[in-house]
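Student: Put chain B with the ligands on the given structure of chain A with help from the hints.
Residue numbers (my numbering), protein chains in the order written: chain A, 15 to 173; chain B, 14 to 435.
It is worth saying that the hints were derived from the structure and are not from the lab. Using N, Cα and C, we set each Cβ at its ideal position, and we do this for glycine too. Hints are not guaranteed to be accurate.
Label pairs and their calculated CB-CB ranges [stated by the list, open to error]:
#, chain 1, residue 1, chain 2, residue 2, range
1, B, 84, A, 50, 49 to 57 Å
2, A, 113, B, 375, 52 to 60 Å
3, B, 82, A, 127, 31 to 39 Å
4, A, 33, B, 288, 45 to 53 Å
5, A, 73, B, 41, 44 to 52 Å
Only pairs whose alpha carbons sit at most 20 Å apart, straight line, appear in this in silico SDA-like list of lysine to any residue [said to hold, decoys possible]:
#, chain 1, residue 1, chain 2, residue 2
6, A, 84, B, 400
7, A, 84, A, 126
8, B, 261, A, 153
9, B, 199, A, 33
10, B, 143, A, 47
11, B, 45, B, 130
12, A, 43, B, 143
13, B, 199, A, 67
14, B, 199, B, 403
15, B, 199, A, 62
16, B, 199, A, 151
17, B, 143, A, 90
18, B, 143, A, 151
19, A, 112, A, 158
20, B, 261, A, 103
21, B, 143, A, 163
22, B, 143, A, 154
23, B, 218, A, 30
24, B, 199, A, 65
25, B, 206, B, 79
26, B, 143, A, 152
27, B, 261, A, 106
28, B, 206, B, 400
29, A, 159, A, 113
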Amino acid sequence: MLTEDERRMIRAEAAHYDHPQAACVEALKIVQEHHRWVSDEHLKEIAALLDMSPEALDSVATFYNLIFRKPVGENVILLCDSVSCWIMGYEGIRAHLKEHLGVELGETTADGKFTLLPMACLGTCDRAPAMMVGNELYRNLDNGKVDEILARYRQPSGA
Amino acid sequence: MDKPLTGDLRPDGTVLDLAAYEKVGGYEALRKVLKEMSPADVLKEVTDSRLRGRGGAGFPTGQKWSFVPMGDNAPTPKYLVANADEMEPGTFKDRLILEGNPHLLIEGMILSAYTIQATQGYVFLRWAYKLAAERITRALAEAYDRGYLGRNILGSGYSFELHLHTSAGRYMCGEETGLLNALEGKRANPRAKPPFPQVSGLFGKPTIVQNVETLCNVAPILRNGAQWYLGLSRSEDGGTKLYGVSGKVRRPGAWELPLGTTIREILERRARGMREGYQFRGLLPGGASTDFLVEDHLDVKMDYGSVQAAGSRLGTGLMIVLDDRTSVVGMVLNLERFFAQESCGWCTPCRDGLPWTARILQGLLEGRGRPGDLERLEMQTRMMGPGNTFCALAPGAMEPLQSALKYFREDFEKLIPRSDAA
Ligand SMILES: Cc1cc2nc3c(=O)[nH]c(=O)nc-3n(C[C@H](O)[C@H](O)[C@H](O)COP(=O)(O)O)c2cc1C
Ligand code: SF4
Ligand code: FES
Numbered sequence: 015m016l017t018e019d020e021r022r023m024i025r026a027e028a029a030h031y032d033h034p035q036a037a038c039v040e041a042l043k044i045v046q047e048h049h050r051w052v053s054d055e056h057l058k059e060i061a062a063l064l065d066m067s068p069e070a071l072d073s074v075a076t077f078y079n080l081i082f083r084k085p086v087g088e089n090v091i092l093l094c095d096s097v098s099c100w101i102m103g104y105e106g107i108r109a110h111l112k113e114h115l116g117v118e119l120g121e122t123t124a125d126g127k128f129t130l131l132p133m134a135c136l137g138t139c140d141r142a143p144a145m146m147v148g149n150e151l152y153r154n155l156d157n158g159k160v161d162e163i164l165a166r167y168r169q170p171s172g173a
Numbered sequence: 014m015d016k017p018l019t020g021d022l023r024p025d026g027t028v029l030d031l032a033a034y035e036k037v038g039g040y041e042a043l044r045k046v047l048k049e050m051s052p053a054d055v056l057k058e059v060t061d062s063r064l065r066g067r068g069g070a071g072f073p074t075g076q077k078w079s080f081v082p083m084g085d086n087a088p089t090p091k092y093l094v095a096n097a098d099e100m101e102p103g104t105f106k107d108r109l110i111l112e113g114n115p116h117l118l119i120e121g122m123i124l125s126a127y128t129i130q131a132t133q134g135y136v137f138l139r140w141a142y143k144l145a146a147e148r149i150t151r152a153l154a155e156a157y158d159r160g161y162l163g164r165n166i167l168g169s170g171y172s173f174e175l176h177l178h179t180s181a182g183r184y185m186c187g188e189e190t191g192l193l194n195a196l197e198g199k200r201a202n203p204r205a206k207p208p209f210p211q212v213s214g215l216f217g218k219p220t221i222v223q224n225v226e227t228l229c230n231v232a233p234i235l236r237n238g239a240q241w242y243l244g245l246s247r248s249e250d251g252g253t254k255l256y257g258v259s260g261k262v263r264r265p266g267a268w269e270l271p272l273g274t275t276i277r278e279i280l281e282r283r284a285r286g287m288r289e290g291y292q293f294r295g296l297l298p299g300g301a302s303t304d305f306l307v308e309d310h311l312d313v314k315m316d317y318g319s320v321q322a323a324g325s326r327l328g329t330g331l332m333i334v335l336d337d338r339t340s341v342v343g344m345v346l347n348l349e350r351f352f353a354q355e356s357c358g359w360c361t362p363c364r365d366g367l368p369w370t371a372r373i374l375q376g377l378l379e380g381r382g383r384p385g386d387l388e389r390l391e392m393q394t395r396m397m398g399p400g401n402t403f404c405a406l407a408p409g410a411m412e413p414l415q416s417a418l419k420y421f422r423e424d425f426e427k428l429i430p431r432s433d434a435a
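With the rest of the complex left out, here is chain A (with noise of 0.2 Å):
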């Protein structure tokens, strides 16, 4: 069930548009933001509150990279193989992901922690190879890095 929260914030979404249905991607990353992902119950109580089909709505959450329709992990890294990173040694950084999560992309660590997922240009080709997690942004990475970045989020949250 969504939080009476989570209704009134794509409630006030949809009073900037002249269509409800036009706040309809904003809802499902409200949902996200909450709960990681968009399940099918949730999913149905969007297109009942911006008045669509559930089916239309599913067709454009599918369309979007970013919108995830299955569970991630607590962590989802979005590591930027577009053409500049990929010159700058993005297939390294890929691998050394791979090995030290044990992962393949698209895949989500054991513990629950970290997914995988490839994107495109990050908009920060000048400071390739480039990757998000989360929100946050890290640029001009190296394995060291990578390795810096991740024990960060491996600490206990809210410590």
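Tutor: The following block gives chain B with the ligands in isolation, referenced to the frame of chain A:
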């Protein structure tokens, strides 16, 4: 040299808040325009400045605005949308302004909206730009508080509501009609043109979609005049341009320079040339969907006409450099995979042709090249050429491929075994 786009950016990367922006002349243009100029006056000034779109296609901005129906019988509401989707690989220019000086965009948007008498606007921002989202949100609140946005702006009787929309990651959302569908909450497939968005766009109403960098020029033009703006440029079109370089150069980055600065100056003076141990082989001048240029083109001026005459496009103006230790075929494969992944699948040549192109390139790199592969690739460049697909994604995808086949043909040929019969 005057740098209307980046001159006020803080070197430490912090943002100009409203007070700081006003201190350097911010919102003076808006005050002046609302007091002294009619929408037609503004349109004339922008047209005279010879401002052209900075998002890739380079359409003259004033001319685009002139297609919007005006007067009492024009449909309402009219919309203005800032295209801040910036997903063209190799492009990192709009981010600079969005993060460093969001009020420059907001003032430009209010002025542009006033010109076409739009009453609603959106900043369509890509998902990944988290810091920009935060700073735009704060800047919008400041502008509302001060009466620059909302009802009856500065007592002029003109009203404009502006809202931030953040997307969820898909290259097609940057294509202007795909963007309109995305804003309506639909899949970002492109729309047939005509009708053009200027007449029937968002929710069927007149709509102007304009790149962030384009819009950021509008306030400086109106503050200083079209003549001043023309004087900034070294080309027949007005203004400065955000240029940038990525790849194996000594100092990758982005710089605001006169429109028409040569490739050599950007590459050698700004990016400081190639890194130790790397040789220059070529570059994509304006993002992933532009044709390669090579050594012979280093003195080409980076303006719309000159780059086109050299066989490529200015595009976004951000260069990606190819060095001698990077595989050309590998680079083109990386690009075609991107386009295949981001194709919306609406039309067959693009939906089927891009993955096929990527498979041939991959085969070449994995030692499975066959005689005829280059001809098959060339056939794809024709099938996905201009006019054969519903939008510009596929023709754009063919530009680096067709030019790589032309300039670096031996790199491809090396990967094809000689046929036994020969
Ligand atoms: C596949 C595709 C993606 C595009 N992405 C962008 C983008 O991210 N930002 C942008 O400003 N223009 C993008 N464009 C160009 C827009 O369609 C449009 O020409 C531009 O926003 C118009 O603004 P301008 O005249 O100010 O350049 C894209 C075009 C295509 C075909
Ligand atoms: S060219 Fe490609 S991206 Fe454009 S409409 Fe056709 S299938 Fe979609
Ligand atoms: S190519 Fe990786 S950030 Fe642009």
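Student: With respect to the beta-carbon atoms only, verify the hint that residue 82/B and residue 127/A lie 31 to 39 Å apart.
Tutor: 55 Å Cβ-Cβ, so the 31 to 39 Å window is violated.
Student: Assess, step by step, whether the Cα of residue 159/A is no farther than 20 Å from the Cα of residue 113/A, and give holds or violated.
Tutor: holds, 15 Å
Student: Are the Cα positions of residue 143/B and residue 90/A separated by 20 Å at most?
Tutor: holds, 15 Å
Student: Between residue 199/B and residue 67/A, does the CA-CA distance stay at or below 20 Å?
Tutor: holds, 12 Å
Student: Next pair to validate is residue 199/B with residue 33/A; report whether the Cα-Cα distance is within 20 Å.
Tutor: holds, 12 Å
Student: Next pair to validate is residue 218/B with residue 30/A; report whether the Cα-Cα distance is within 20 Å.
Tutor: At roughly 16 Å apart (the allowed maximum being 20 Å), residue 30/A and residue 218/B satisfy the hint.
Student: Can you confirm whether the C-alpha distance between residue 143/B and residue 154/A stays at or below 20 Å?
Tutor: Distance of about 18 Å is within 20 Å: holds.
Student: Keeping to a limit of 20 Å between CA atoms, is the pair of residue 143/B and residue 151/A held or broken?
Tutor: holds, 9 Å
Student: Can the restraint linking residue 84/A and residue 400/B be considered satisfied, given a maximum Cα separation of 20 Å?
Tutor: violated, 38 Å
Student: Given the hint that residue 84/A pairs with residue 126/A, test it: the Cα-Cα distance must not exceed 20 Å.
Tutor: Given pair residue 84/A, residue 126/A holds - Cα atoms ~13 Å apart, limit 20 Å.
Student: What's the verdict on residue 45/B and residue 130/B, does the C-alpha distance respect the 20 Å limit or exceed it?
Tutor: holds, 17 Å
Student: Using the C-beta atoms of residue 73/A and residue 41/B, is the stated range 44 to 52 Å upheld?
Tutor: Holds, since residue 73/A and residue 41/B (Cβ atoms, about 47 Å apart) stay within the stated range.
Checked against the numbered hints listed earlier, the structure breaks hints 2, 3, 6, 16; every other hint is satisfied.
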